[in-house]
Amino acid sequence: MEFLQQCVIGLVQGSIYALIALGYTMVYGVLRFINFAHGDIYMLGAYFGYFAAGRLGTSERLREGGSAGFGEVALVLAIAMIGSALVGVLIERIAYRPLRNAPRLTALITAIGVSMLIEYGAQSLFSPNPQSFPKLIPETPLISSGDFQITLLQVVIIAVAIALMAALQFFIFGTKIGRAMRAVALDRPAAQLMGINTDVVIFWTFAIGSALAAAAGVLNSAYQNTITPLIGISVGLKAFVAAVLGGIGNIPGAVLGGLVLGFAETAVSATDYSAYRDAIAFAILIVVLLVRPSGILGKTTAEKV
Amino acid sequence: MKNLMMGSALALLATALGGCKTPDANTNGGNDGAKATPKVSRARPYSGKDILLGEYASLTGSEATFGLSTHAGIVMAVDEANAKGGVLNKKIRVQVEDDGGQSNQVPGVIRKLIDEAGVLAILGEVASSNSLAAAPICQAAGVPMLSPSSTNPEVTKKGDYIFRSCFIDPFVGTAMAKFARTNLKAKSAAILVDSDSDYSKGLRDFFTQSFQAQGGKIAATVEYVKGDTAFQAQLTKIKSANPDVIFIPGYYTDVANIAVQARSLRLKQTLLGSDGWDSPDLFKIGKNAIQNSYISNHYSPGSKDPRVVKFVADYKKRNKGQTPDALAAVGYDAAGVMIDAIRRAGSTDRAQIRNALASTKNYPGVTGTITMDKDRNAQKPLTILKIVGNGYQYVTTVKP
Chain X
1 MEFLQQCVIG
11 LVQGSIYALI
21 ALGYTMVYGV
31 LRFINFAHGD
41 IYMLGAYFGY
51 FAAGRLGTSE
61 RLREGGSAGF
71 GEVALVLAIA
81 MIGSALVGVL
91 IERIAYRPLR
101 NAPRLTALIT
111 AIGVSMLIEY
121 GAQSLFSPNP
131 QSFPKLIPET
141 PLISSGDFQI
151 TLLQVVIIAV
161 AIALMAALQF
171 FIFGTKIGRA
181 MRAVALDRPA
191 AQLMGINTDV
201 VIFWTFAIGS
211 ALAAAAGVLN
221 SAYQNTITPL
231 IGISVGLKAF
241 VAAVLGGIGN
251 IPGAVLGGLV
261 LGFAETAVSA
271 TDYSAYRDAI
281 AFAILIVVLL
291 VRPSGILGKT
301 TAEKV
Chain Y
306 MKNLMMGSAL
316 ALLATALGGC
326 KTPDANTNGG
336 NDGAKATPKV
346 SRARPYSGKD
356 ILLGEYASLT
366 GSEATFGLST
376 HAGIVMAVDE
386 ANAKGGVLNK
396 KIRVQVEDDG
406 GQSNQVPGVI
416 RKLIDEAGVL
426 AILGEVASSN
436 SLAAAPICQA
446 AGVPMLSPSS
456 TNPEVTKKGD
466 YIFRSCFIDP
476 FVGTAMAKFA
486 RTNLKAKSAA
496 ILVDSDSDYS
506 KGLRDFFTQS
516 FQAQGGKIAA
526 TVEYVKGDTA
536 FQAQLTKIKS
546 ANPDVIFIPG
556 YYTDVANIAV
566 QARSLRLKQT
576 LLGSDGWDSP
586 DLFKIGKNAI
596 QNSYISNHYS
606 PGSKDPRVVK
616 FVADYKKRNK
626 GQTPDALAAV
636 GYDAAGVMID
646 AIRRAGSTDR
656 AQIRNALAST
666 KNYPGVTGTI
676 TMDKDRNAQK
686 PLTILKIVGN
696 GYQYVTTVKP
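Protein chains in written order, with the working numbering: chain X, 1 to 305; chain Y, 306 to 705.
Since the hints were made in silico from the structure, they are not lab data. Predicted model only: the values in this text are computed from it and were never measured. Check before you lean on any hint, since a few could be wrong.
[As the list claims (entries may be wrong)] Distance condition first, Cα-Cα at most 30 angstroms in a straight line; then the derived DSSO-like pairs of lysine-lysine:
(1) Y:625 - Y:615
(2) Y:609 - X:135
(3) Y:492 - Y:609
(4) Y:592 - X:299
(5) Y:589 - X:135
(6) Y:615 - X:135
[Claimed, not checked] According to the in silico footprint, chain Y covers these stretches of chain X (three or more CB under 8 angstroms from chain Y):
(7) 40-53
(8) 75-86
(9) 121-134
(10) 201-207
The beta-carbon is built from N, C-alpha and C at its ideal position, and this holds for glycine as well.
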């Protein structure tokens, strides 16, 4: 029973990592650079959700023992996703676009700078102290037998993650912009020559990646109870590991990597070696990269000189 | 190019990790301080016009209320002393510096207090890991340091200039184990410990020892790391071990999150804690999940002792009606003990103040009568409180 229960916990954790990892992998696919501020977008998403729930009066009602309606939760989630998407796009416009033709290392360092700006900016804006995040979705057990239970919140997290990933899949393979995105990922200069507006493609890449991270931020914060301006650091790092693990630039890879990492972490936490959880997460990354340098689902490409 | 890129990304990642995710790297230095004692020159003789006391505290971060409460207590004691004419006919001032609750910030903050501000003596910290980072520096500089509430035994072992005006972990761990066995009739216990915190690990060891010595069984010991937000896996493990009580020696933010997640997983056991729980934020974050838990603490604000009644009333007047938590009370007492020692030393010579601190005897504090033992620890009784509603209910007092 404990094993099954831990599997559920690992699946939830993995879904969260997967949602964030998608943002890393999409940006890498299109621009070939790691957006280190992505974890902070996740954090901002959580704060947008927190403020939205406060403004709508949801937090107040939940504190007094009431419940939040479906529409309300969807609205909080939508506000957080749109807010983060705007911030993501803005960051790209201000910080990354001017550097698009500069060496990649320049953009990478800029990303780290942006990340720190958001973290410390948020500390002075929102206070560095933890805030209690409203339980938007109650943890009523849906299935419960003996020691095993699955709660509504857990099911919603998994369901929203699957729905968003399905929507992303449709977007990439079923729409014109999605096709353009794939073309740019394949070869940006060539796509540009074929008349694809790369700025539009990059705009959508950042908007969608950031929105997915925001959704993860809101759901995970409701699950874990508190938020601080630094929650994005470790979660963002783990999601980055997940993206590399699955094969950076590869969308199913990000999902797979997220799930592998979520399960691995939960498995370690459940043993006597719980203190080594992060060490083991990174050890897995190193081993996978040694065996398959391009990640589990990544394509081995010849180096273009 | 691609490989080079990934390589540099990972290298940067490593530095990012080193910079942000390991705030307690210095704890190791604290653990074997003899080896890792930084090279520090003696502080210059005190030359201030007033009496300047330094305080380092977590005024922000996940233990912010520790620092803020302690500071409020210290300022109150200093104001009261100044109203009576100060000490050595001089006005007392406090310079407080924020360490953000991170032990890697502590050395810089302490150097600032000693080298730049030239403080006479230092008060702080609450968290043992932070006090352990400061103690070797204060010792080497010859500046007396008095911790109001760090309970890990190692803190005062760093040298003869390091004092504390509270009890130590062996006493707390033993008292809580005895309480669990005798009063709660617990046969088995699980422990959830913060593997980054010297305070938490110390309490785990002494609780385990004493609980087993009294015939109890430790059903599971699992670890988390300060700053973690997901505890579901560890709690599920505890759930399947099915103990009678769960002991969580940690700090309030983590503990409140743990309690909320434990109740979501339908863990119904009584939770036991320690003074690290005591914060107004515990109730804000923990809400219903922490009800009916028992914690050990330095004092009970509901006590009928006239000294405590007066302290609570005066504190409320100064602090918008807020009831002083234990950290405020121990802060108040620590400042009182320090001022008393300076008065008895009769000079601003730090060695003489050290000697006066060491000979503190029967100081009438609000958290009990304070006498320094030969290891520079205070011998004081401990209070066990039950969390009911938004406050505490007095349960019992344990004498040393």
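These are the hints, each one checked on the structure:
no.: 1; hint: Y:625 - Y:615; in the structure: holds (16 angstroms)
no.: 2; hint: Y:609 - X:135; in the structure: violated (39 angstroms)
no.: 3; hint: Y:492 - Y:609; in the structure: violated (34 angstroms)
no.: 4; hint: Y:592 - X:299; in the structure: violated (50 angstroms)
no.: 5; hint: Y:589 - X:135; in the structure: holds (13 angstroms)
no.: 6; hint: Y:615 - X:135; in the structure: violated (40 angstroms)
no.: 7; hint: 40-53; in the structure: violated (count 0)
no.: 8; hint: 75-86; in the structure: violated (count 0)
no.: 9; hint: 121-134; in the structure: holds (count 6)
no.: 10; hint: 201-207; in the structure: violated (count 0)
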